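S.K.: Here is what each chain is made of, one letter per residue.
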Amino acid sequence: QSALTQPASVSGSPGQSITISCTGTSSDVGGYNYVSWYQQHPGKAPKLMIYDVTSRPSGVSDRFSGSKFGNTASLTISGLQAEDEAEYYCNSHTSGGTVFGGGTKLIVL
Amino acid sequence: EVQLVESGGGLVQPGGSLRLSCAASGFTFSRSDMHWVRQATGKGLEWVSAIGAGGDTYYEGSVKGRFTISRENAKNSLFLQMNSLRAGDTAVYYCARELPDTVSHGWYFDLWGRGTLVTVSS
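These protein sequences, in sequence, are chains A and B. Per the numbering used here, the first sequence starts with residue 4, numbered consecutively. Per the numbering used here, the second sequence starts with residue 131, numbered consecutively.
These are calculated hints, taken from the structure and not from any lab test. Being a predicted model, the structure only gives us computed values, none of them experimental. Warning: the hint list may mix true and false statements.
What the hints assert, rightly or not - Ranges between beta-carbon positions, derived for each pair:
#, chain 1, residue 1, chain 2, residue 2, range
1, B, P230, A, S5, 27 to 35 Å
2, A, Q84, B, N213, 28 to 36 Å
3, A, P17, B, N213, 45 to 53 Å
4, A, S98, B, R216, 20 to 28 Å
5, B, P144, A, S29, 31 to 39 Å
6, B, T158, A, P60, 35 to 43 Å
Even for Gly, the Cβ is constructed at its ideal location relative to N, Cα and C.
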């Protein structure tokens with residue numbers, strides 16, 4: 004199964020909002036409402052930020068939100084903070100299991 | 131403390147074998163679906179394998195027939211037996227717990243270990 008497509012990097016200034024896209028196909032993102040997003044800081048394990056397209060686990064800031072339209076899912080981070088600088092991975096259910104995106108590096112200017 | 135701790139990584143020659151272990155603590159391991167996810171240095175995440183609480187197993191295509199996932203609930207342990215290893219299997223291997231079905235039926239990973247490095251090289 005091919006990885007989902009994400010931009011290599013996005014950037015924003017503190018306080019701004021950014022959106023990271025994740026494009027798949029009708030066999031993954033478009034076919035299921037089982038999309039999630041993970042945040043990974045260098046040298047650390049990933050952290051679940053969004054699941055079921057729009058839900059947040061307990062303890063995750065409401066500055067993080069998810070959405071989906073067709074074969075593309077999106078993660079929006081509002082009120083950008085320095086600690087948000089990290090790699091972000093989308094993930095979707097597929098018929099063969101689950102597939103991740105290639106990752107997007109968020110740079111906080 | 132709720133945690134997962136992987137072990138068993140190391141350097142192995144192409145064609146060799148390695149067995150990874152993951153020790154779980156602080157939660158009811160026997161009721162949890164568990165996964166292995168790997169990440170090559172500087173690369174993205176790749177799902178490898180899953181095992182349900184009931185023992186059903188799933189594998190990513192490139193490892194099917196070479197890797198075997200198993201669990202020993204009495205010892206709160208998850209395993210990954212890796213045979214016929216290739217250079218492309220070189221990565222940090224993470225053990226991950228799946229979000230309970232009471233929350234969602236999707237495969238989401240809410241608890242991760244720190245990973246163990248597997249290097250396949252001659």
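S.K.: Each hint: holds or not?
M.R.: Here's how the hints hold up against the structure:
1. P230/B - S5/A: 27 to 35 Å: Roughly 29 Å apart at Cβ, these two residues keep to the hinted range, so it holds.
2. Q84/A - N213/B: 28 to 36 Å: For Q84/A and N213/B the Cβ distance comes to about 45 Å; the hint is violated.
3. P17/A - N213/B: 45 to 53 Å: 49 Å, holds
4. S98/A - R216/B: 20 to 28 Å: The hinted range 20 to 28 Å holds for S98/A and R216/B, with Cβ atoms some 25 Å apart.
5. P144/B - S29/A: 31 to 39 Å: Check passed, 37 Å falls within 31 to 39 Å.
6. T158/B - P60/A: 35 to 43 Å: 18 Å, violated
The structure fails hints 2 and 6 (numbered hints given earlier, in ascending order).
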